[in-house]
Structure formats: C-alpha cells, structure tokens
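Colleague: Residues per chain are reported as follows:
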Amino acid sequence: MPTYLGMPPFPKAARDAVADRRLRANLAHATGTIRDRRLAAVAELDDWAALREAGRRIKDHTLEHLDHYLRLLEERVTEAGGVVHWARDADEANRIVVDLVKATGQTEVVKVKSMATQEIGLNEALAADGVTAHETDLAELIVQLGDDRPSHILVPAIHRNRAEIRDLFRRRMPGAPPDLSDEPAELAEAARRHLRAKFLSARVAVSGVNFAVAETGTLVVLESEGNGRMCLTLPETLISVMGIEKVLPAWRDLEVFLQLLPRSSTAERMNPYTSTWTGVTPGDGPGDFHLVLLDNGRTATLADEVGRQALRCIRCSACLNVCPVYARAGGHAYGSPYPGPIGAILSPQIRGIGSPVDASLPYASSLCGACFEACPVAIDLPEVLVHLRARAVENGPRHPLVDTAMAAAGWTLRSPGRLALAQRVASSSRRLVGRRGRIRRLPGPLRAWTDTRDAPVPPPESFRAWWRRTDGGRRP
Amino acid sequence: MRIALFITCLNDTLFPDTGRAVVRLLARLGHDVEFPEAQTCCGQMHLNTGYRRRCAPLVRGFAETFAPYDAVVTPSASCAAMVRDWHPRIDPRAAPVAPKVHELTEFLVDVLGVIDVGAHYPHRVAYHPTCHSLRMLKVGERPLRLLRAVDGLDLVELPDADECCGFGGTFALKNADVSSAMGVDKAAAVRASGADVVCAADNSCLMHIGGTLTRNGSGVRTVHLAEILAATREGPS
Numbered sequence: 003m004p005t006y007l008g009m010p011p012f013p014k015a016a017r018d019a020v021a022d023r024r025l026r027a028n029l030a031h032a033t034g035t036i037r038d039r040r041l042a043a044v045a046e047l048d049d050w051a052a053l054r055e056a057g058r059r060i061k062d063h064t065l066e067h068l069d070h071y072l073r074l075l076e077e078r079v080t081e082a083g084g085v086v087h088w089a090r091d092a093d094e095a096n097r098i099v100v101d102l103v104k105a106t107g108q109t110e111v112v113k114v115k116s117m118a119t120q121e122i123g124l125n126e127a128l129a130a131d132g133v134t135a136h137e138t139d140l141a142e143l144i145v146q147l148g149d150d151r152p153s154h155i156l157v158p159a160i161h162r163n164r165a166e167i168r169d170l171f172r173r174r175m176p177g178a179p180p181d182l183s184d185e186p187a188e189l190a191e192a193a194r195r196h197l198r199a200k201f202l203s204a205r206v207a208v209s210g211v212n213f214a215v216a217e218t219g220t221l222v223v224l225e226s227e228g229n230g231r232m233c234l235t236l237p238e239t240l241i242s243v244m245g246i247e248k249v250l251p252a253w254r255d256l257e258v259f260l261q262l263l264p265r266s267s268t269a270e271r272m273n274p275y276t277s278t279w280t281g282v283t284p285g286d287g288p289g290d291f292h293l294v295l296l297d298n299g300r301t302a303t304l305a306d307e308v309g310r311q312a313l314r315c316i317r318c319s320a321c322l323n324v325c326p327v328y329a330r331a332g333g334h335a336y337g338s339p340y341p342g343p344i345g346a347i348l349s350p351q352i353r354g355i356g357s358p359v360d361a362s363l364p365y366a367s368s369l370c371g372a373c374f375e376a377c378p379v380a381i382d383l384p385e386v387l388v389h390l391r392a393r394a395v396e397n398g399p400r401h402p403l404v405d406t407a408m409a410a411a412g413w414t415l416r417s418p419g420r421l422a423l424a425q426r427v428a429s430s431s432r433r434l435v436g437r438r439g440r441i442r443r444l445p446g447p448l449r450a451w452t453d454t455r456d457a458p459v460p461p462p463e464s465f466r467a468w469w470r471r472t473d474g475g476r477r478p
Numbered sequence: 004m005r006i007a008l009f010i011t012c013l014n015d016t017l018f019p020d021t022g023r024a025v026v027r028l029l030a031r032l033g034h035d036v037e038f039p040e041a042q043t044c045c046g047q048m049h050l051n052t053g054y055r056r057r058c059a060p061l062v063r064g065f066a067e068t069f070a071p072y073d074a075v076v077t078p079s080a081s082c083a084a085m086v087r088d089w090h091p092r093i094d095p096r097a098a099p100v101a102p103k104v105h106e107l108t109e110f111l112v113d114v115l116g117v118i119d120v121g122a123h124y125p126h127r128v129a130y131h132p133t134c135h136s137l138r139m140l141k142v143g144e145r146p147l148r149l150l151r152a153v154d155g156l157d158l159v160e161l162p163d164a165d166e167c168c169g170f171g172g173t174f175a176l177k178n179a180d181v182s183s184a185m186g187v188d189k190a191a192a193v194r195a196s197g198a199d200v201v202c203a204a205d206n207s208c209l210m211h212i213g214g215t216l217t218r219n220g221s222g223v224r225t226v227h228l229a230e231i232l233a234a235t236r237e238g239p240s
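Residue numbers (my numbering), protein chains in the order written: chain A, 3 to 478; chain B, 4 to 240.
Next comes chain A alone, as it looks inside the complex (with noise of 0.2 Å):
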C-alpha cells in the first residue's frame, strides 16, 4: 500500500483526529445514524442468526478448498472468453494492470469503486506510467478531487461534511458552477454532469469484484450510484481486480451475501444496483475482459488457524460503524485503505506486523466486541486481536518498558506472597500520593491515565489482609 508508507503509530496518528472536534463530530453523525438504520435493517429478518451462520460456513469452506474454487474460477473465466491473471503481490498486480492499459493505447481509464485497488495503490502506479484514473463512486471522487485518502470502506469522505465537500468540488471539480450550494442533490447534480463526460469517452475501465462465482465464471459487484454499472457496460476493455478471497462456489452461495451485505453495510434490504457479468459477449459490453487475481499477503493469511477468520470479511463495514475507537480515532489512523477493526486485524496479516504502524494496530482495540456482534460473517475480531498482539509481542518492535513492567507484573502475581507484599507497599504510599481520595498524578509511563483521570488510593488493608485478620469477617 505505497501511498500509506511512514504512517506513524496509530496512538499518534489518532492523537490529532480525537482533538479535531469537526472531524469527531462528522464521524460521530455520520456512524451513529447507520449504526441505528442497520439495527434496524437487521431486526427485519427473523433468520438473520442463520443468515449469519450460513455466510460463515459458505466463506469457511470456500477458504478451506480455495485453490480448488480458484481453478475452477480461472477454467469458467476462459471458457467464457476473459483472461485470468495471477498476481502475487502488489506490484506485480500494478504491471499487468498497468500493461493492459497501455496496450490500448488508452491514457485514461474510469474506475469503479475497489478496495483491492487501493489496497495495491493502483491509481497511483498508472500515474507513474501516464495514464490518469478517474474514480466515479461520489465518495472515491471526492477523495481524490482532494488529494486525500479514504477513511472508511464504503463511505471513504466520512470524515468530510457537506460544506467542505461544496468547497472541493467549486475548487477542484472541471465544469462546477462557481454558485454550488451544499444542498445535497446540488452536489449529486454537478458530480453526475462531471462524471457523465468521463464515462462517455472512456474506452478502459477497471473495477474490483464483491464476488466471484467459480460454477459459471461470473463476477459480481454491488453498488449504490450506477456508476458502477456504467463502467462495466459502456468502455471497450474492463480490467477487473480481485483479492482472491472473494470467490464463492455457486450461484446459491450469492442468496446469503445478497441480503447480509445490504443490510450490514448500507442500511438496505437490498443494494439499488447488482451487475454480474461472465466473460465477453459479442455486441454487449466489453470486447475484451481481463481478471487479476491477487493474493497480496492472503495466502500467508489463510495459513494462520486463527488469523484466517480475517479473509471471510466481505468488506460491509458494519465493524467500523459500531466501534468506539474508529468513532474517535477517524480511518487515516490506521494507516491503510481498511480502518477500523477489520483494518486493525487484516493490515498487519496481509502486510506482516514488522512495520511500527502494523504492530500498533492490534492494539487499537478496547476489546470491547461490538465489532464481533455487528460482523455478518461472524469474524471473532477481538480473538483475532489478541492472537496479533501475542504476535507482536513475539515479533514486532517492543516497548522495553512494557516488556519490563509485565515481567514485573507476571512475577509478583504468580506468587500471592508477592502480590501480599506489593499491596502492602501500594497502602503504605497511600499518604504520600492521596488527597480527598483520588491521585491526581501517577509516576512514569501511568501518567498516561492521570493526564485526563484520576486514580483510586490504595487502601490501608487489601482484601485479603482483611480476610486474614478477621477470618473472613467472622472476627471482629
């Protein structure tokens, strides 16, 4: 993920989002009423549990015979008339891309919304080689009418609200009448008038895939604005890239994730626009169709027994709009195109926890499992969290001083003479530290509590030093 190189620790990064109180209160909004929608989108199934259930096993058993269902992918692909691609990594994914492009002779090129693009940092390399990628999800424009990144997987402006969205668009956008209000359908009017111009000339588009059906080779993506649909219809070549995490056996499987992924991520019983397509067809849509298949850190991932879990994730960003921590810390803090808990568990699987920002993320976490309960394929994220923090622990950039006070703490409470110790010594300073029954300024590294919250006195007895005295209260 190029564009995300030397992202600072996410305690850091998420620093200046908590301060920024617009930011803080946009993203507040904007989450807290999907959040509500989507409870109530969900109450509307009485077999959601099921639902749930069927789309973990569907995604569990795909992972477990993945290179069968790819190959099947790849054999339905060609027989269709596309061309299936394998790329290992990032770069190699941005060469074949990039050089399908440039076998066009085509300079521009209209996206629809990826993830898997971004994750690569594709616009960014067909920059490199001349050719300009025109984004035409509302959002993804946004977002890159401001040289800015996104900050949430199915709403990356989250964090940018109407009136600085009015501000890019009369700034930025080619054609914007200078009068632009912020009125929402003013500004769906002057992107769809700048959009329409683009889809019109483009004879290259490049899209991602929600989901593959290996049976019949047909690719799937879900969207809400019709862009989508444009680009796979209009232009002559269509590139589509896909992590290959995405395929899914039949037909059938798409009954289950047609109703979980609406309902998790939009707030819809149903998403206004599905376009599946396989392979070419004389006279219809693209002539010439090509699949990248990328594995991109996912084939180390599917190796772990309990990281695996991560690649069920379909990319709904249910978790992102319930989690606390992603309401205050904002997405950029996590450093990669996927914030919130499924970024902090996927990022430093895909990318390996070697990297301070990486080895950070499992800790952007209280653990508090609402990502787990919101999760429509059932992604134990906070078991996944703690098994990366053993992992960064073991592998990661440490922090000596942790490292020190959890042997200290490891010590003293494996024995309960030692613990009876240290509470002695922990009553013994109460006069020193305590007035009116709070401290106010902890010593070393716990100032980082006592900077915003007081501290409980120690107090003059433990209560096992009680027990021990009054034998369980039995004696006075």
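Source of the hints: derived by calculation from the structure; they are not laboratory data. In this text the structure is predicted, and so the values were computed from the model without any measurement. Yeah, the Cβ is synthetic: ideal placement off N, Cα and C, and Gly gets one too.
If the Cβ cut is set under 7 Å, some of the chain A residues that face chain B in the computed set are: (1) A16; (2) Y365; (3) P418; (4) Q425; (5) T454.
Derived pair list, reagent style DMTMM-like, types lysine to aspartate or glutamate, alpha-carbon separation capped at 20 Å: (6) K104(A) x E238(A); (7) K103(B) x E40(B); (8) K104(A) x E94(A); (9) K103(B) x D73(B); (10) K141(B) x E375(A); (11) K14(A) x D180(B); (12) K141(B) x D382(A); (13) K141(B) x E166(B); (14) K200(A) x D149(A); (15) K141(B) x E385(A); (16) K141(B) x D163(B); (17) K103(B) x E67(B).
Given the coordinates of chain A, assemble chain B onto it according to the supplied hints.
Modeller: Quick look at chain B alone, frame taken from chain A:
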C-alpha cells in the same frame, strides 16, 4: 455446596470493600464462602497485552487453586469471562474449572435462584453494562432485575449504555487519547442520566469512569453493584 470467592487482583488491591460486600451479601443469603489464599490473578492483563506466555502460569495457578470447589463466584464480569472463554484455550487443564466460575449476578440469579436479595439503597442509580458482561458473558437483564428489586432504589436510564467506556485494560495507557475521549463521553452520559450513583459489575470500568467523573468535578459516585446489593437499612455501604 462448597463456594469459593475469586476476588480478582484489582479488587483485592484497590477495592476491598467490594469483596467484603460479596461476603456480607452471601452470608445474609445463608451461604458461607471460602477465600483460597493461593489465588492471585486470572491473567487477563497479560493475555490482552500480548504476553501470552506470561499468562500461562497464572491460568495454571487459577485452575489448581479453584479445582476443589463446586462453584466459584467473582465480582468481575471481565475476569469471569477471561476464565470461562480463554483459560481452557490456554491450558486444557483449566477446562473442568472454567464452567464453575460465575460472575456475581449470574451466581445470584442462576445458581442461588434469588432476585430480591433484601437490599435497601435509597439513591438514584444508573447501571453501566460493561462490555464483557454484555457481550462475552451475556448477563443480560440479570443485574437490572436484581437492582429493580432493591428497596428504595431509583433506577434511571443511562444514555448509550451499550457503548464501551474506553477502559480496555492496558488500552487506557497504550491509546490514552482515544481511551480518555471515550471516558469523557461516558461520563457525560452518566451526568445526563441524572443519577447520584453509577454502578457496574466491574471495578475496572468504574475506576476509569470514576476517575473521569471526579477529574471533571462531577458529584456522581461510582459504586460496585455488589456494594449496592449488600447494603441494608441497618448497614448501608
């Protein structure tokens, strides 16, 4: 029935009143508890901070200490969840002990079958359902049913009750800015509820909420649920 009290290291060291309240409450209901002095800590802090290997001896120690008992009761939803959900995964020898561990409200309602514990507590009280009681233990309505049966208690609604207070163990130190921001919002919700007292099934969350409330000069007190249930007309806590 041989009942052991697992007091948790945090309660033992910083909140002994909660442990005393549990002993008093259960004695009033006719049950003696034992306090196995070999107990220390469930290992949650180590596991959740990524120090799984340092957690293992604590898990083994817990299993050995509590093996002889029929039931283990603890005034901490978070530690009960740690024992029940995680201990068997860390050490298979913990598997027979784990299901015997009950958080206090589970123990009262499910094991002892009591809702009205004969408490008297004349205050306006808000209940904060901690994340681990809500989503890991799924204690559900049990704490609220117990509170509603307390004589004189005025139970008020806490806005956005289900949202995490931001404590999260070492999260409070490792991501202090986000943790504090969550705590400030929780404290504001507590003040908005109009309560004099906010209670919960975990002193860790209450320590975070209480530290934020007093720093911001609010008069609302934090009290563990056990202390409310133990209070009577004769001996208010």
